[in-house]
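Student: Assemble the complex: chain A is given as a structure, and chain B must be docked to it using the hints.
Going down the list, the protein sequences come from chains A and B.
Sequential numbering of the first sequence, starting at 1, is according to our numbering.
Sequential numbering of the second sequence, starting at 1, is according to our numbering.
Hints listed in this document are in silico derivations from the structure and should not be mistaken for laboratory results.
Honestly, I wouldn't trust all of these hints.
Which residues of chain A face chain B? A few of them, derived with a C-beta cut under 7 Å, are [said to hold, decoys possible]:
#1 W226
#2 N227
#3 E228
#4 V236
#5 Y252
#6 L253
A few chain B residues that don't get close to chain A, going by computed Cβ distances all over 10 Å [to be verified]:
#7 T69
#8 K88
#9 K123
Chain B residues, not near chain A, derived (Cβ > 12 Å throughout) [said to hold, decoys possible]:
#10 F215
#11 E263
#12 F273
Idealized CB from N, CA, C, for every residue including glycine.
Here is what each chain is made of, one letter per residue.
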Amino acid sequence: MSNSNGFCLLAQNNSNVDYVRQAYALAVSIHKFNKGQSISLITDDPVLEEYKSVFDNILPIPWTDQAKDTEWKIENRWKVYHVSPYEHTIVMDVDMLVLHDITRWWDELEKKDLFFVSNVKNYRNETVTSRFYRKTFDENNLPNLYSGFYYFKKCDKALEFFKLLELIMINWELFYSTFASNRYQSWGSFDLSCSIASKIFDNVLEITDPTSCITFTHMKAHCQGWNEIPTNWTNVLGTYITTDNTMLIGNYLQHNILHYVEPEFLTDRVIKQLELL
Amino acid sequence: MTTKGILLFAFNNSEIDYVKQAIYCAKKTKEHLKLPVALVTDNMSYLETSYPFYKKYIDIVILVPVEETGQLKTFSDGAYSLRKLPWKNHNRSDCYEMSPFDETIVLDVDYITCNDVLLNCFKIDEEFLIYKNPTDIVSTVRNIDSFDRISDRSIDMWWATGFYFKKSPFMKMYFELVMHIKENWTYYRLIYQIPNVNYRNDFSFSIAIHILRGFQVSSWPSTMPGKMYMSIDVDILDSINGNTLTIIADYKNSADYAGVSVEGLNVHVMNKFSLSRAIDKDKEFAHE
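Next comes chain A alone, as it looks inside the complex (with noise of 0.2 Å):
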């Protein structure tokens, strides 16, 4: 392991959602399973005191907020590669939670110049086959990538794919109507923008691999191979997290990483449960 790695986080609140309280149990539970991790926030959003203690650094989002006038706050995710202050870099989505020692993904991780997830899990553990989300890229071939989680190195290749992705992100209808044009997105997505971008640089063979085991579970209710789909996940399941350190969600164990995605779930009771640990 490289004496500099580290977590990268981009939280940007919304008029629901405080991303930045999200990034902050996040932390907790890095910390929690995997001693010695650097975090980074970056925010422009106000950070509680008692937040700022699980942070290594919290870091302005450079230039100009592109963000500024939409809810999902997407726009200015490209830009955490230039922000990194660190080698090697995971960054992850807000909305998750880590639950194991991932501490030894970094030696597969530094392998490579740039990986993205590739597979996800659901609650029970198993691998999602619906391509329910995933239309779009199933129509124009497109690689499917998860950017829920995914690692760069600071390399040119990497730089070359960010700065591409930069293009693509300001640009999105241009490059979806060029590369997504089957079932067209009518709005920005990163997942979407980095798999346009691993096309154009035809690299997915390099930047991901389906087999690997660095993946996280996708709370995203079509993911779960339910019949009856509900409209949050967290009205049908329950979660507790026991005394000896894990969670149960509908009942199952739940392994490494957990995309929890609906704001519901991240309770004050379970931001406590997660600093008792």
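Tutor: Relative to the frame of chain A, chain B by itself:
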């Protein structure tokens, strides 16, 4: 030398003669597996008077009082006939204590054995084997996904219809856990999102397996050797001739019926009424 045998449970209700089905099940099982059969039941005089020949097939009778639970279960006899009858199938969790054998295959009495594949249970070095993922007799067209899990959002379904166990401290613990789940059924039913209030062995066995697997999918337990074919309760078993079952199957689950004939397969016949009629039609059995 360890003892090996088959254990059956039969508690009649007002309309279904499970004792008759148990004797028939024992007959078919003995024919193919050539193992002693023990029957757990609650009414010795009914057994002796109604089936005086029972000793040909039943080696050991274990008398126990039936647990009167007051539960009713809906039984189908084809797509158009539903009946609510008392459900008295709660003793299965006691099989560890009840079994007179060191190694036991427990079968539902509506499980018709037509081959000897279950003998492989005794050749596999496992303490516990149980059925999972039954094969529909018309599996290519009928969707039985609902049998994969105990409910849509819950855990994998294991079938207490047929299982093997070897007496050991671990298996004792397993059955004690099943007992605990049974005794606290309302709690576990809610926690595991089971809509039906009735206690069901398949569910308590599945929950106990899930708990002992550490609340995750694992390679334990192994499945029973061979396949458990299943004819669901909207199908109608017409006849059993030797090892051939002729079934009028609701092959689209929409009251569209077609004839299906299966030979040499072990079949779980969920329509108890048609099983009873088919047993009565079996000339060999009728002349006992």
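Student: Now tell me if each hint is right for this structure.
Tutor: Hint-by-hint comparison with the structure:
1. At its closest, the beta carbon of A:W226 sits 5 Å from a beta carbon of chain B; the interface hint therefore holds under the 7 Å criterion.
2. Because the beta carbon of A:N227 sits about 5 Å from the nearest beta carbon in chain B, less than 7 Å, this interface hint is met.
3. Given hint, A:E228 at the interface with chain B, holds; its Cβ is 6 Å from that chain's nearest Cβ, closer than 7 Å.
4. Satisfaction of the interface hint for A:V236 is found here, the shortest Cβ-Cβ separation to chain B being roughly 6 Å, below the 7 Å cut-off.
5. With a least beta-carbon distance of about 6 Å to chain B, the hint placing A:Y252 at the interface is held under the 7 Å criterion.
6. Of the supplied interface hints, the one on A:L253 holds, with its beta-carbon coming within about 4 Å of a beta-carbon of chain B, less than 7 Å.
7. At roughly 25 Å from the closest C-beta of chain A, the C-beta of B:T69 stays outside 10 Å, upholding its exclusion from the interface.
8. Every Cβ of chain A is farther than 10 Å from the Cβ of B:K88; the closest lies at roughly 29 Å, confirming the non-interface assignment.
9. With a least CB separation of 31 Å from chain A, B:K123 remains clear of the 10 Å interface cut-off, as annotated.
10. Listed as a non-interface residue, B:F215 fails to keep its Cβ farther than 12 Å from every Cβ of chain A; the least gap is roughly 4 Å.
11. Here B:E263 stays apart from chain A, with its beta-carbon at least about 34 Å from theirs, past the 12 Å limit.
12. With a minimum CB-CB distance of about 29 Å to chain A, B:F273 clears the 12 Å threshold, and the non-interface call stands.
Of the numbered hints given earlier, the model fails hint 10 alone.
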